[in-house]
Amino acid sequence: GDSVTQMEGPVTLSEEAFLTINCTYTATGYPSLFWYVQYPGEGLQLLLKATKADDKGSNKGFEATYRKETTSFHLEKGSVQVSDSAVYFCALRGVRGGGADGLTFGKGTHLIIQP
Amino acid sequence: DTEVTQTPKHLVMGMTNKKSLKCEQHMGHRAMYWYKQKAKKPPELMFVYSYEKLSINESVPSRFSPECPNSSLLNLHLHALQPEDSALYLCASSRGDGRSIRSPLHFGNGTRLTVT
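Top line first, the protein sequences correspond to chains G and X. Mind the numbering: the first sequence is residues 402 to 516 in my numbering, read in order. Mind the numbering: the second sequence is residues 9 to 124 in my numbering, read in order.
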């Protein structure tokens, strides 16, 4: 079945550091890929998405590129802030269930940014 | 601000109680979802409704009973829960009948449930 693998962390960085959170996936066909962010005590917010190979999703300084050849969707940000501290989930919607079964999530990466 | 609204934000209930969680969206989405999230874990799918009809039940115990009264509302009725059911319950919606894989899910902020 479909699966998503991401580094779990916690990942601790200093403010203004460069961020990469790796995400790879296994799925049949061409899934859509998403990054969600969850701040403490809140639900999941859509951060960015990509629906076909070589698409680049971007939002709030975060970027991720859909790489079909490496089945990856790594999240990057050039200069992180303390307010970026949160849990980040990589997810896919696959064709296997006709899309009707929602999202397949990675385990989540806890990001801590220190001043 | 989230476009999917869940109430209550917090709920404490005993094992013999009956309570309900409510979810509302006004984005015109026709697919709605219930997820359960334990601490430090990703959300786990419980139920999917498509055009107000239950399309997926991920082998959830019968003490959880979903209901979709109309296209904007989703309820989760709780009865005789166990302490291990304590978790964050998230509602989500997506465009169309839920079969468009390009459409993201939009989540509410969840109900933090504690079963004593």
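Honestly, the hints are just simulated from the structure, not real lab data. Ideal Cβ positions, reconstructed from N, Cα and C, are used throughout, including at glycine. One should not assume that every hint holds.
[As the list claims (entries may be wrong)] Mimicking DSBU-like on lysine-lysine, the simulated pairs with C-alpha atoms at most 35 angstroms apart in a straight line are:
hint	chain 1	residue 1	chain 2	residue 2
1	G	K453	X	K48
2	G	K457	X	K26
3	G	K453	G	K508
4	X	K49	X	K17
5	X	K26	X	K61
6	G	K461	X	K26
[As the list claims (entries may be wrong)] Derived CB-CB ranges, DEER-like:
hint	chain 1	residue 1	chain 2	residue 2	range
7	G	T421	X	E52	39 to 47 angstroms
8	G	Q446	X	K48	31 to 39 angstroms
9	X	V20	G	N423	34 to 42 angstroms
[Claimed, not checked] Just some of the chain G residues that point at chain X, by a computed CB distance under 8 angstroms:
hint	residue
10	E416
11	T427
12	E443
13	G503
Hints, one by one, checked against the model:
no., hint, in the structure
1, K453(G) / K48(X), "holds (30 angstroms)"
2, K457(G) / K26(X), "violated (46 angstroms)"
3, K453(G) / K508(G), "holds (23 angstroms)"
4, K49(X) / K17(X), "holds (19 angstroms)"
5, K26(X) / K61(X), "holds (23 angstroms)"
6, K461(G) / K26(X), "violated (42 angstroms)"
7, T421(G) / E52(X): 39 to 47 angstroms, "violated (27 angstroms)"
8, Q446(G) / K48(X): 31 to 39 angstroms, "violated (18 angstroms)"
9, V20(X) / N423(G): 34 to 42 angstroms, "holds (39 angstroms)"
10, E416, "violated (24 angstroms)"
11, T427, "violated (16 angstroms)"
12, E443, "holds (5 angstroms)"
13, G503, "holds (5 angstroms)"
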